[in-house]
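Protein chains: 2
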Amino acid sequence: MTRRIVCTYHVTADADTIEARAKGIAVEQSVEMPLAAITDQRVMDEIVGKVQDIAELAPGLYAVTIGLATETVGDDAGQLINMIYGNTSIQPDTVLADAAFPPEILETFGGPRQGIAGLRARVNAPDRALTCSALKPQGLPVPGLADLAYRFALGGLDFIKDDHGLANQHYAPYVERVPAVAAAVRKAREETGGQTRYIPSLTGGLDQLREQARIARDEGLDCLMIQPMICGFPAMQTLVRENPDMAFFTHPTMTGAARIDPRFLHGTLFRLLGGDAVVYTNHGGRFAFTREVCMELGQRATRSWNGLKPALPVPAGGMTLDRVPEMIECYGRDVMLLIGGGLLLAKENLVEETRTFQDHVAALSAAAPASVAAVAE
Amino acid sequence: MTRRIVCTYHVTADADTIEARAKGIAVEQSVEMPLAAITDQRVMDEIVGKVQDIAELAPGLYAVTIGLATETVGDDAGQLINMIYGNTSIQPDTVLADAAFPPEILETFGGPRQGIAGLRARVNAPDRALTCSALKPQGLPVPGLADLAYRFALGGLDFIKDDHGLANQHYAPYVERVPAVAAAVRKAREETGGQTRYIPSLTGGLDQLREQARIARDEGLDCLMIQPMICGFPAMQTLVRENPDMAFFTHPTMTGAARIDPRFLHGTLFRLLGGDAVVYTNHGGRFAFTREVCMELGQRATRSWNGLKPALPVPAGGMTLDRVPEMIECYGRDVMLLIGGGLLLAKENLVEETRTFQDHVAALSAAAPASVAAVAE
Chain A
1 MTRRIVCTYH
11 VTADADTIEA
21 RAKGIAVEQS
31 VEMPLAAITD
41 QRVMDEIVGK
51 VQDIAELAPG
61 LYAVTIGLAT
71 ETVGDDAGQL
81 INMIYGNTSI
91 QPDTVLADAA
101 FPPEILETFG
111 GPRQGIAGLR
121 ARVNAPDRAL
131 TCSALKPQGL
141 PVPGLADLAY
151 RFALGGLDFI
161 KDDHGLANQH
171 YAPYVERVPA
181 VAAAVRKARE
191 ETGGQTRYIP
201 SLTGGLDQLR
211 EQARIARDEG
221 LDCLMIQPMI
231 CGFPAMQTLV
241 RENPDMAFFT
251 HPTMTGAARI
261 DPRFLHGTLF
271 RLLGGDAVVY
281 TNHGGRFAFT
291 REVCMELGQR
301 ATRSWNGLKP
311 ALPVPAGGMT
321 LDRVPEMIEC
331 YGRDVMLLIG
341 GGLLLAKENL
351 VEETRTFQDH
361 VAALSAAAPA
371 SVAAVAE
Chain B
1 MTRRIVCTYH
11 VTADADTIEA
21 RAKGIAVEQS
31 VEMPLAAITD
41 QRVMDEIVGK
51 VQDIAELAPG
61 LYAVTIGLAT
71 ETVGDDAGQL
81 INMIYGNTSI
91 QPDTVLADAA
101 FPPEILETFG
111 GPRQGIAGLR
121 ARVNAPDRAL
131 TCSALKPQGL
141 PVPGLADLAY
151 RFALGGLDFI
161 KDDHGLANQH
171 YAPYVERVPA
181 VAAAVRKARE
191 ETGGQTRYIP
201 SLTGGLDQLR
211 EQARIARDEG
221 LDCLMIQPMI
231 CGFPAMQTLV
241 RENPDMAFFT
251 HPTMTGAARI
261 DPRFLHGTLF
271 RLLGGDAVVY
281 TNHGGRFAFT
291 REVCMELGQR
301 ATRSWNGLKP
311 ALPVPAGGMT
321 LDRVPEMIEC
331 YGRDVMLLIG
341 GGLLLAKENL
351 VEETRTFQDH
361 VAALSAAAPA
371 SVAAVAE
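Residue numbers (the numbering used here), protein chains in the order written: chain A, 1 to 377; chain B, 1 to 377.
The hints are simulated quantities; they were obtained by calculation from the structure and are not laboratory data.
Each residue gets a CB set at the ideal place from its N, CA and C atoms; glycine is no exception.
Just so you know, not all the hints are guaranteed correct.
[Unchecked claim] Computed footprint of chain A on chain B; a stretch qualifies when at least three of its residues, placed anywhere within it, have a C-beta under 8 Å from a C-beta of chain A: (1) 18–26; (2) 79–85; (3) 161–171; (4) 276–290.
Kindly generate the complete structure, drawing on both the sequences and the hints.
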């Protein structure tokens with residue numbers, strides 16, 4: 001009996017073409033050739049994708065469920081996305097809506113190594129919503145970024161991440177930026193007794209990613225941010241394997257819109273690959289996801305799933321302090337609220353504004369439900 | 001004077017919102033924070049993206065031209081795509097239509113190392129259209145794949161590529177597949193005096209990509225295929241740099257549709273990053289690009305561009321022998337015709353069918369224009 005990954009594609013088609021279209025996707029995502037040209041019976045039986053169901057969602061829109069042989073994936077995260085969407089991503093009538101993975105895939109990729117509990121332990125906050133902000137703008141020299149981090153940490157923030165635009169530019173190279181920011185955060189922690197964590201953004205090829213992870217480790221850091229769609233799934237997989245004690249934040253840059261369902265991409269796939277905290281663009285900010293999509297994304301990230309640890313939802317993208325009550329009502333306590341520019345607008349009052357943010361989140365958490373799953377039920 | 005990459009986005013918007021939307025993209029792709037929160041004048045002047053032009057293309061559709069500071073990119077191919085599309089890819093009202101790069105970007109990434117001339121030299125075909133087919137289906141054990149390659153080579157084919165689904169699966173692991181196929185092709189070449197080249201598909205993380213490139217080199221191979229959207233741009237950049245004598249084929253899997261203009265992605269960006277031959281889905285096959293888009297893609301790949309070598313267009317995706325005259329008429333002689341399943345349907349007559357394909361292409365090339373650029377003028 002062939003083990004299969006069961007993928008669901010949403011396909012725009014007419015009633016009289018959907019069956020052929022579904023078979024076309026099953027072939028495209030497996031053998032990618034005319035079945036009439038296949039002479040090997042095992043390939044026909046065990047490798048060719050199988051259409052399992054076609055359901056009409058709306059006039060002209062179908063949910064097509066296809067079983068793809070697990071053995072075509074092996075143990076490479078790149079080959080995983082190649083098999084479940086790959087060439088079909090080039091066809092504009094398709095959306096990758098979801099996939100259900102057999103246990104061997106879950107074992108191979110392993111999911112979050114720290115999970116929500118590991119993130120909470122890092123900042124000694126067992127039961128409230130967590131907070132985060134970002135170091136920006138890019139172009140600021142290292143002392144300016146370190147000063148920002150110092151003030152965020154003085155204000156008691158839980159997590160401080162690099163802006164995803166901070167790479168290895170000449171005006172703030174990683175090798176100077178990360179030690180300086182880490183030292184600034186340590187200094188503030190010593191002064192306040194707080195637990196603020198700094199999350200550097202890793203960029204470049206695997207050699208550089210490894211070197212940057214090493215530098216972070218040498219600085220005593222225990223959180224890293226990566227950009228799965230830019231560094232590539234295989235690089236993410238390697239980093240997660242090689243740094244089992246690090247908490248990984250995934251950044252959504254280059255995730256696109258509308259072609260891979262964000263609930264699946266962030267809530268399921270990035271979690272499967274080891275994302276402990278998944279940053280995504282919240283509803284009502286600069287981006288277009290609906291509230292329903294965002295809540296379902298959060299449910300996916302935190303739901304019980306064959307023993308895989310839960311990943312923490314990190315809604316972001318143009319969030320402001322006045323959104324805090326609504327966000328905690330929406331997501332409950334298992335959330336990290338990421339407010340970047342909205343905090344930086346406070347300028348010389350950044351420490352106080354950060355403290356206000358932090359206190360507000362803590363106070364509202366007391367009466368909040370445990371998680372977005374609880375909210376939605 | 002700040003050096004800038006000039007990006008063109010196609011944006012769906014109303015006439016009264018497009019100006020704000022354009023500014024929003026300029027901020028999103030640079031500092032990603034409210035300008036009012038920026039205190040550093042150099043950042044305001046030199047790092048913040050600048051809207052250079054807004055042109056109405058059609059009612060509700062605008063071409064927005066934005067200058068992004070080159071210094072935000074540095075020398076990392078991942079950061080290049082992060083800066084020119086990154087977060088804006090998550091906004092469904094945008095398409096990355098094009099980008100013009102200043103000379104330092106062209107120098108940093110360098111373009112094709114072999115170019116069309118290097119591909120022609122490999123198969124001793126200075127002036128005709130080239131041919132290619134693919135080893136499939138996945139699931140076939142190594143001897144079956146090697147036998148296919150042997151017969152393609154006996155038929156005189158120029159290039160044989162791995163199907164992009166062939167990774168490192170247990171039924172045909174790279175370390176067994178590539179030496180066996182390379183040996184089969186060598187054997188056929190010795191028998192026919194031909195020049196057929198085998199192009200293995202590299203997959204996995206950078207460690208595995210490097211090891212696979214080394215194995216290919218040890219087998220005397222001089223062409224490699226990579227999947228830029230899956231291995232990641234930084235890994236592609238590293239491989240191209242470390243293997244300056246190899247010809248690189250780019251495979252379009254996971255390139256998506258409609259969010260990054262395929263003319264720019266394959267014809268410009270993959271060429272910039274060192275693709276010598278760019279495989280893409282031709283019009284009239286299983287995919288949706290129009291003839292006009294495909295021809296412009298080919299023009300982009302082959303046009304004169306600040307001394308960068310031209311990349312060879314490789315239209316593919318459901319092509320058949322009866323399309324050969326029309327494809328050569330469309331693309332001229334600077335093209336590689338890739339027919340996979342359409343040839344494999346010949347089964348036991350594969351050698352003869354391959355020879356027919358090869359002879360047909362050679363014969364039609366004699367009267368064909370030099371390239372798709374010449375066709376279109």
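Here's how the hints hold up against the structure:
1. 18–26: violated (count 1)
2. 79–85: Answer holds; 5 residues pass the 8 Å Cβ test.
3. 161–171: n = 8 at 8 Å, threshold three: holds.
4. 276–290: This one holds; 4 residues, not fewer than the three required, reach chain A with a Cβ under 8 Å.
Of the numbered hints given earlier, the model fails hint 1 alone.
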